[in-house]
Amino acid sequence: MTGTSLRTYLLTRLALVVPMVWILLTLVFLLLRVAPGNPIEAALGGHVPPSVVKPIEHRLGFDKPLLTQYGDYLWNIVRGNFGTTITDNRPLSQIIKQNGAATLELTFFAMLIAIVVGVLIGLVAGRYRDTPVDIGGRLFGIVVYATPPFFLGLMAQLVFGVWLGWLPTSDQASPLTQALLQTHTNIYFVDAIWDGNWGALWDIVKHLILPAMTLGLITAGVFLRLTRINVIRTLRDDYIEAARARGIVERRVVFVHAFKNALVPVITVVGLNLAILLGGAVLTEETFNWPGIGHELVLYLQNRDYTAVQGIMIVFALVVVGVSVIVDFINAFVDPRIRY
Amino acid sequence: MTYVPPARAPRTPHGRARLIALGRATKPIREASGVARAMFWSGVAITVFFILLALLAPVISPYNFNQYKADGHRFAQLAPPSAAHVFGTTVQSVDVLSRVIYGTQTELEVVAIALAMSLTVGVPLGLISGYFGGILDRFLVLIMDAIFAFPYLLIAIVIAFVLATSSIGGGILTAAFAITAAYVPLYFRVVRNHVISVREEPYVDAARALGARPRTVIRKYVFFNVVQNVPPIATLNAADAILLLASLGFLGYGIQPSQGAEWGYDVSRAVSDAASGIWWTGLFPGLAIVLLVTGLTLVGEGLNETMNPVLRRRRFGRFEFEPVAGPVEEAEGAE
Numbered sequence: 001m002t003g004t005s006l007r008t009y010l011l012t013r014l015a016l017v018v019p020m021v022w023i024l025l026t027l028v029f030l031l032l033r034v035a036p037g038n039p040i041e042a043a044l045g046g047h048v049p050p051s052v053v054k055p056i057e058h059r060l061g062f063d064k065p066l067l068t069q070y071g072d073y074l075w076n077i078v079r080g081n082f083g084t085t086i087t088d089n090r091p092l093s094q095i096i097k098q099n100g101a102a103t104l105e106l107t108f109f110a111m112l113i114a115i116v117v118g119v120l121i122g123l124v125a126g127r128y129r130d131t132p133v134d135i136g137g138r139l140f141g142i143v144v145y146a147t148p149p150f151f152l153g154l155m156a157q158l159v160f161g162v163w164l165g166w167l168p169t170s171d172q173a174s175p176l177t178q179a180l181l182q183t184h185t186n187i188y189f190v191d192a193i194w195d196g197n198w199g200a201l202w203d204i205v206k207h208l209i210l211p212a213m214t215l216g217l218i219t220a221g222v223f224l225r226l227t228r229i230n231v232i233r234t235l236r237d238d239y240i241e242a243a244r245a246r247g248i249v250e251r252r253v254v255f256v257h258a259f260k261n262a263l264v265p266v267i268t269v270v271g272l273n274l275a276i277l278l279g280g281a282v283l284t285e286e287t288f289n290w291p292g293i294g295h296e297l298v299l300y301l302q303n304r305d306y307t308a309v310q311g312i313m314i315v316f317a318l319v320v321v322g323v324s325v326i327v328d329f330i331n332a333f334v335d336p337r338i339r340y
Numbered sequence: 001m002t003y004v005p006p007a008r009a010p011r012t013p014h015g016r017a018r019l020i021a022l023g024r025a026t027k028p029i030r031e032a033s034g035v036a037r038a039m040f041w042s043g044v045a046i047t048v049f050f051i052l053l054a055l056l057a058p059v060i061s062p063y064n065f066n067q068y069k070a071d072g073h074r075f076a077q078l079a080p081p082s083a084a085h086v087f088g089t090t091v092q093s094v095d096v097l098s099r100v101i102y103g104t105q106t107e108l109e110v111v112a113i114a115l116a117m118s119l120t121v122g123v124p125l126g127l128i129s130g131y132f133g134g135i136l137d138r139f140l141v142l143i144m145d146a147i148f149a150f151p152y153l154l155i156a157i158v159i160a161f162v163l164a165t166s167s168i169g170g171g172i173l174t175a176a177f178a179i180t181a182a183y184v185p186l187y188f189r190v191v192r193n194h195v196i197s198v199r200e201e202p203y204v205d206a207a208r209a210l211g212a213r214p215r216t217v218i219r220k221y222v223f224f225n226v227v228q229n230v231p232p233i234a235t236l237n238a239a240d241a242i243l244l245l246a247s248l249g250f251l252g253y254g255i256q257p258s259q260g261a262e263w264g265y266d267v268s269r270a271v272s273d274a275a276s277g278i279w280w281t282g283l284f285p286g287l288a289i290v291l292l293v294t295g296l297t298l299v300g301e302g303l304n305e306t307m308n309p310v311l312r313r314r315r316f317g318r319f320e321f322e323p324v325a326g327p328v329e330e331a332e333g334a335e
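For the protein sequence lines, the chains are A and B, in the order given. So the first sequence is numbered by my numbering: it starts at 1 and just counts up by one. So the second sequence is numbered by my numbering: it starts at 1 and just counts up by one.
Careful: at least some of the hints might be erroneous.
Said to hold, decoys possible - Now the stretches of chain B that chain A is said to cover, found in silico as 3 or more residues with beta-carbon under 8 Å: (1) 71-77; (2) 154-160.
What the hints assert, rightly or not - Computed list of chain A residues with no C-beta within reach of chain B, every gap over 10 Å: (3) Arg7; (4) Leu32; (5) Phe62; (6) Thr147; (7) Gly161; (8) Leu167; (9) Ser174; (10) Trp194; (11) Gly199; (12) Arg244; (13) Arg246; (14) Arg304; (15) Val309.
To be verified - Listing some non-contacts, in silico: residues in chain B with all C-beta distances to chain A over 10 Å: (16) Val121; (17) Asp137; (18) Leu283.
Rather than coming from a laboratory, the hints here were simulated on the basis of the structure. These numbers come from a predicted model, not from an experiment. All residues carry an ideal CB built from backbone N, CA and C; glycine is no exception.
Extracted from the complex, chain B is given alone in its bound form (with noise of 0.2 Å):
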């Protein structure tokens, strides 16, 4: 394995130094092997295919998510599974199949709203904080302990609450800005204690010494190295925010049932049907919920132990020789 140390990057010329990076860092998912790699690669496919039935749902989807009748004749009411409907229907005589297709675009549009957000405060908030240290850092520390310490899903909750109650209203923004606050205090968490252990390497000293102004060390050393810890935990996070969001929709915090449909808000409907032994409704919007889940943590997973060797092999780069490759441990540690 060709190893380029962090210490040359800064010479080649700007477009080239970001490509080496890119390189780098993809390098190891290219060349993982055996458990890694058939977990990351199944995650692969069973995010891909939910991003497709996401793309797609308008072409897929048989009937409209809140569509109750068709051809002037309305659905039967919790009719099970049918050639008609083939994951039976709700007792608003709505498609199941349907509703879960359309499932798809609600969560993950959400959560992609959501994790871009925390990423915009979360990232740049510990880079700062990290790297210029003092009472800033301490303050912004105590604070982000302090709700990272905190249920997550009752912040989402409340927050949830707060702004469904006021006059914001419920809808996707809202469920995105409840998940958001409640993941800011990781990514923070991440990079800063990153930062901290990076700002004292050479090449960072030596950008310093040079006379760079902090904002180019943070832009040009510090920001790539920290960044690649992101990936792993962003991909776990997402499949957390999943959960998190079908929870809200649980809950009667989530989406807007006319907005779109939801798979936890969906469940939460199924859970009076199930006394009568009706299974259809809460069983698919609920095994949507698991395998895209499931499918999200295994990149997630697969990311982690593949990528954590490069953070490591960089760590000890100075030096001569090959490290032994390291063992497979997540970076953010019990989560």
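Just chain A, with the same shape it has in the complex (with noise of 0.2 Å):
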């Protein structure tokens, strides 16, 4: 310790929040107003008169100086107000918090799954280095990671959907649970049990399954790597070697004294996952027909809708920094050598 307080450090970390959330609403700006084109003619699908593009420019505020529209732009997000889409003039608010549930529940089972699936199999991989569990256990990593998870998700829609016809393939819930079910939090898993409605929770569940396994699985490659790697590490450090020195059974030596050890930069890795998990739910998404963000954005997407996309964008953004802190500070609370 150098005598800089976990305080300190929160709050260096916060401030280092300020440039890098910048950065990327500035990057979203640039990126969608500097390409060549007018956004609003592309979002009414080209070819309109200008008595048609020309109010809705100046309501979008697109007739001003490009740096007033920056400004603004700016402004606008400070103030919790990200925009209204070109299409359907839905607030993007409503599109956080409806859309946004159904993406936080499916990324939420997915990540478990991953981080259950990958670390299990990372640990007994690294214990076991160069054993065929280990050869097994890479192959399967890889082969998951080279996996599209719109494959992954098509071939089980195939099998589970289609064939077997164990679980349905797509939305999030049946026509009858959605209209029934009392909205509290928009997540539906959470609503179901808030009533106790345990008929649409297994429904909600069966209509999970899916999508939650094939984004998990694609996502369990990465932890399963890094846990692997990790036990492999851990095992040749000196402290182990004195734990076994000091005559204490390699079973205890493994799962308390290198296992632990070996599992603290995976609490890094599951927010720098977020981002891979993110790209994987917009495909997920798409393939399941599941109602999240990224399944709006592909639709906003075809349909040309640039402040739509712009305010996905900026939504996405403001999730992977806030996850980064987050992560940074449980790892400051975890780990006494990262606060530097």
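Hey, can you piece these two chains together into the complex? The hints should help.
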């Protein structure tokens, strides 16, 4: 310890968020605004008379100078106003609330599956390094990584949905459940438990299994690799050697001394993986027609709705930065060496 | 194992130094053993298979990638695999096998262009930023880290979207640009961080003390030490880029259907077929993605496992004794 307190560390970390968010927001703005072509014409399907385009342009402030637009853009975000879509006049806050909840439900369970599967296989593979178990585990990791979520999802739909007929292949819940379920949080899973509506919960779980497994298994590859490497690295550490020298049973050395420390960096990667997970979520949602934020993004991309795309990108940027801060905080609590 | 300390390399004539560097870099691959070796070579075999497939596509492929009739009659729609169409046909009556074979061309072409572009942008930026440091370095690191933290699929999607909507339109170059933008930060980070550690090495100091200009120091002393990190990452990156291209294709931002066959696009078309139990339109292009990405990943991982001990040995090379064989970990950590 160099004397830096936890509070100083946390404050420094928070201060670093500002430039990062600002850069991401600026990049989103530049990417979507500097591109050639008129976004409003694109949204309306091209070749529209100026009398139609001009009022919309004025309403969205697209007729102002670029720098003013940039200022307005940042100011609106600071005030929590992420804009309204061009094509269907939907405020972004509504998209975040409704579709964001669906994405949260999917990514949460996917992450859970990824961590359980990845860490377990990684631990075993690392412990039995270079044995057939390890090679099998690593091959599993590589193949899982090499499989795009939409392909795994398609195959899962074919096998479990069409051929076996066990599970539904699209949507977040059946229409009946969607109509009858009371919304408290917009997260169906939580809402069903809230009301003690077990029939609805069962329906929701059935809809959740295939998408969450698809996204989870694909993300598991990263956890597997990382856990395996960490176990190998930790098992070579001096303190493990020391534990062995003290005559502690090998099993205890591995499970108590090594695994615990090998898992610390995995926490960090949960955060880093969010970027991969969010990318995968867009594809998974699209494959399973899951009404999440990624599904909306693809829809608005197809409709060439610039403000919707911009708003959703802002949301993603804030989520990514927010999670990275949270992960750093957790790490600082868990591992005092990090508080530089 | 004969070891040539890096400090001696500058004294040998120019071409010879390069040869030695090359020999030293490939040596661990030739001498690798066991699992790493098996993984590496099976990866090479798969990759070579696909490269051959791409090169020989016009010869091997039974039909063209958008051909829906032959000898004056149209192929059956959604025909299951048969002798005439080994992988079946799509809803447009196109032969799936031909699309898979021609798809190899598209994937490899786009990924090669994208990799070349991200290397040409990322590596020099990393070299300059890492070597000179200062405000430029801080600025670049801030930007690159911000982009790096963002889901790269989303970056690629937005860029593909913007380019496709603008006058430039979709196509191979648009897809390649989108992929490039997503990967430049990775190369920048890897190269820059390595340059920072190499910059303080005695031989670099010595070169500077002798009055070499920054250009010369970077080109002759820093570059070759840093660039060795790149092949494993570039190979793993190629694997990733194929997934990214397929994902763009799946979302409709890849290659135009008339331009060439693309596996991700084919899988996206197959999603609607799956509801009626039609599996062949999605299975084969999907398997092609998995197989090619697995092959490239195996090569990358193999390179990683074998190359890294070299880097280790180099860093500790000033000592007289042979260092213990280093642990096999990735250089880039968690990707």
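Checklist entry - Hint numbers the structure violates, sorted upward? => result Violated: hints 1, 4, 6, 7, 14, 15, 18.
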